[in-house]
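Chains A and B, in that order, are what the protein sequence lines are.
Just remember that the numbering used here sits 3 ahead of the position in the first sequence, which is counted from 1.
At position 1 of the second sequence the residue is numbered -11 (the numbering used here), and the sequence of numbers has no breaks.
Among the clues, some could well be false.
Where chain A lies over chain B, by a calculated footprint (3+ residues, C-beta under 8 Å) [stated by the list, open to error]:
#: 1; stretch: 16 to 28
#: 2; stretch: 84 to 92
#: 3; stretch: 97 to 104
#: 4; stretch: 128 to 134
Label pairs and their in silico Cβ distance ranges [claimed, not checked]:
#: 5; chain 1: B; residue 1: ALA273; chain 2: A; residue 2: ALA91; range: 39 to 49 Å
#: 6; chain 1: A; residue 1: PRO123; chain 2: B; residue 2: PRO(-3); range: 49 to 59 Å
#: 7; chain 1: B; residue 1: HIS219; chain 2: A; residue 2: GLY29; range: 46 to 56 Å
#: 8; chain 1: B; residue 1: LEU274; chain 2: A; residue 2: LEU103; range: 52 to 62 Å
#: 9; chain 1: A; residue 1: ASP136; chain 2: B; residue 2: ARG290; range: 46 to 56 Å
Note that these hints are calculated values from the structure, not bench results.
Backbone N, C-alpha and C define an ideal beta-carbon position, used for all residues, glycine too.
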Amino acid sequence: MSGATPKSGAIRCLLGMLGTDVHTKGIRTLAQLLRDRGVEVIYLGEHNTAEGMVSAILAEDVDVVGLSFSTATYVHYTRVLIEAMKAAGVDDVPVMLGGLIHRDDEDELKSIGVKGIFGPGSTTDGIMQFLQDITGKSLGSARDTLG
Amino acid sequence: MTPSVELAPAVADAAAAVHRGDIRRIARLISRIEANDESLRPLLECLYLAGGRTPVIGITGPPGAGKSTLVDQLITRYRARALTVAVLAVDPASPFSGGAILGDRVRMGRHNTDAGVFIRSMSARGMLGGLARAAADCLVVLDAMGRDVILIETVGVGQNEIDIMRHAHSVLIVQTPAAGDAVQAVKAGILEIGDVFAVNKADTPGADRAAAALREAVEFRYDAHDPTAWHPPVLKVEATTGTGLDDMMQALDRHRSHLTAHPTQLRRRLLTGARLQVAELVAVALRRRYFLEDHRDARLTRVLDEVVERRCDPYGAAERLLEGGT
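Let the hints inform the model, and build the full structure from the sequences given.
In C-alpha cells, the structure reads:
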C-alpha cells in the first residue's frame, strides 16, 4: 500500500442510515452542522445496505463513517456493517453512531468496534472534537486550502 | 520541475494498481489529487501518456435540475449494455466554512452494490490549485481505470465548472421549465458548450415553452450551411420516470459517432481543453513565483520597485517580465 491516508485536506465523513429507519431529520441536521464547520459530508441518505455503504466507503476514501438510528435495530445493523467492512478490508475507517442509542448498549457497540457514540444530549462540539481526534485532521484544513 | 519522492518502481506499481481497477488505491489517489500532492506528478504523467481512450460525458446544469437523477438513469442504461462506468460528481462547497454536503450519491444509491460502477464525489472547493486542476487530474485516473465510459457531473454556475466541461467529449446540458426564458439561457453562457440539451421535468407546466425557447437559442447559434457541424438536439425528458431518456442516450451516441466521423472536431475540442489547462498551470506557476519566490528574483524585485516608484507602470512591468523569458 503506497502511503497512508494523507492528513491534509478536509475531513471526509460518510453519513447514512441502514435498514428501514427513515427518520432523517437528525442526520440531515448533523450534515449541515458538519458542513458549516468545514467537513466534507458524503451523504448517502436512508435505506442503505451494508454492502452498498462499504463500496461507498471504499470509493469515497472517507476518514470516518457516521450512522444514525432511531429504531432499536442498531446493534444488529452496526454489527453487519462492521463485518462487511472487515471483509472488504476497510475496518480501519472509524465508525460513529448517533440518534436514539441507549446507554445500556454502549459497551456492546464498543465491543463490535464502534469508536464514537453520540446519543441524546450530545453536543456538536463533542462530535467535532471526536472527528478531529479520530481522523488526525484539523478543522481548519478545508478553509486553509480554499481557492 | 518538482522533485519526485516516488521512485520509478513505486510509480509503475501504482499505475498497475490503477489499470487493474484497485478501488481503494484509486480512491486514495484521488484524495491525494484533491490535496494537490505534487509527488503524484510522475504517476499522473505515466497515466496521461498511456490514456485518452475512454469517452467522457459531461453533465451540467443549475442546482435542482435533476442532473444526479439523470446520471443515475444513464448509469442504468450503460450497465444494461454491459458497459462499465466511472462517475465524478462535483457538488458545491460552503464559501463560508469550506465544508460541503456531497449528496449526489443519494440519487445513485442503487448502483452502490454494482462493481461495474465507480462513483466518486468531489467538493467544488477545499482543494489546492482549484477545482479544474483536481477534476482534470481525477479524469486522468478514471480514464486509466479502463472503464467503458466516464460521466462527470457539475453544477453549471461557475467558470470553474464550465472549464471542466472542456475536458468532456460530449456535454449534456440539463435545464428545467423553471429556468426562465431564452435570455437566461444565453446569459448563462452554456449554449456554447452544450452538445445535447435536456429540458427535465417535462411533466411540469411550461416545459414546452422552455424547450422551444432553448431550441430557438440553440438554433440561432447552429450553422446550417456547414454540413459537418453538429446539430445540438433539444429534448424533453423526465429523469424520475425515464421518459425521453432512450432518445437522450441515442443523442449522446449520435454525438459520439459524429466526433468519430469528424476527428478534427474532436481534436479542436481537446485542444481547447489543453489550452485552458496549460494556461492555468502557467498562471499558477507564475503567481507562485511572483508571490512566494520574489525575494530570489533580483529582476522581479527591481521591476516591482520601479512600479512603486512610478518609474514604470504595471502594464510595462508585465511586458518586460514576459519578454524576459519568464
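Exercise for the section: Run the structure past the numbered hints and jot down the numbers of the failing ones, going up. Expected result: Result: hint 4 breaks, nothing else.
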